[in-house]
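Chemist: Take these sequences, add in the hints, and give me the full structure.
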Amino acid sequence: TAFCQGQTTTLTANGSAGTYSWNTGTTGSVLTTSVGGTFTATTSNSCGIGTQTIQVDLLGLPSVSLTAVKPTICPNETISLTANGVGGGTLYSWSSSANTGSVENVNASGIYTVSYSNSCGNSNATISISSSSLLPDFIFSPNGGTAPISITFTNTSINHLNDQWHFGNGNSSSATNPIYTYTAPGTYTVLLIIENSDGCVASVTKTLNITDMGFQIPDLFTPNGDSKNDVFEIIGIGRFPNNELLIYNRW
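Position in the sequence shown (from 1) plus 8 gives the number in the working numbering.
For the record, the hints were derived by calculation from the structure and aren't laboratory data.
It cannot be assumed that every hint is accurate.
Said to hold, decoys possible - Pair by pair, the computed Cβ-Cβ distance ranges are:
#1 G109 to P150: 56 to 62 angstroms
#2 I57 to T121: 55 to 61 angstroms
#3 E252 to N177: 25 to 31 angstroms
#4 S139 to G194: 36 to 42 angstroms
#5 S141 to T213: 19 to 25 angstroms
#6 S37 to N92: 42 to 48 angstroms
#7 N237 to G178: 39 to 45 angstroms
#8 S37 to L69: 26 to 32 angstroms
#9 Q224 to G194: 45 to 51 angstroms
#10 T164 to P249: 32 to 38 angstroms
Predicted, not measured: the structure shown is a model, and the values here were computed from it.
Glycine residues also receive a C-beta, built at the ideal position from the N, C-alpha and C atoms.
Modeler: Have a look at this one:
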């Protein structure tokens, strides 16, 4: 037989004899106890002695605790809540689903409650999960151009702590607002990855077009101040840093 903690149970010895004694020192046919254990009733008369033993189990009241992998949840993330019940129960009841196991997976902020019960009653535990937000974004200037060209990237993200830039050509930077020089034409996919103080990560990509200015050498110029062909400029010379320009007169 069994009874719950905080209660008592009554044991009654039945027999034809007139006197009874218990292994607890109590006499009489009835024993009331608030503890569990093995109880033996002994009865006797002129013909002999008879005994009977019973095992009584004291059941504890249920208790449950509830923990989370972390107290905040990131966008598009799922975290686990773990209940730990004590008291001999086997099933859990969650406020968020029909799950009866000890682990509940959640993907949204909120207040979550788990209930754990046995034949003596039930116990509840509650935990609050908050959401952690972050929004990645950036702008760049100028919006493309001809190589070589320096592009200024400005991080306009919301709620970011750490930043990682990937410029689409294998090079990267951890600066908040980097300036990067593209030396070759092409279409580059720029990736910005941000992380906030809760460890949440998000990213955004944008496309940048860099064109080839070509290579042009003028065959004449007229430096007479009329704003027409006044400057001798070799377009694309910057791609040849070791160049050498020789000037000859007509003789």
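Chemist: Against this structure, judge whether each hint is valid.
Modeler: Now the hints, each set against the structure:
no.	hint	verdict
1	G109 to P150: 56 to 62 angstroms	holds, 57 angstroms
2	I57 to T121: 55 to 61 angstroms	holds, 56 angstroms
3	E252 to N177: 25 to 31 angstroms	holds, 29 angstroms
4	S139 to G194: 36 to 42 angstroms	holds, 39 angstroms
5	S141 to T213: 19 to 25 angstroms	holds, 20 angstroms
6	S37 to N92: 42 to 48 angstroms	holds, 43 angstroms
7	N237 to G178: 39 to 45 angstroms	holds, 41 angstroms
8	S37 to L69: 26 to 32 angstroms	holds, 30 angstroms
9	Q224 to G194: 45 to 51 angstroms	violated, 21 angstroms
10	T164 to P249: 32 to 38 angstroms	holds, 34 angstroms
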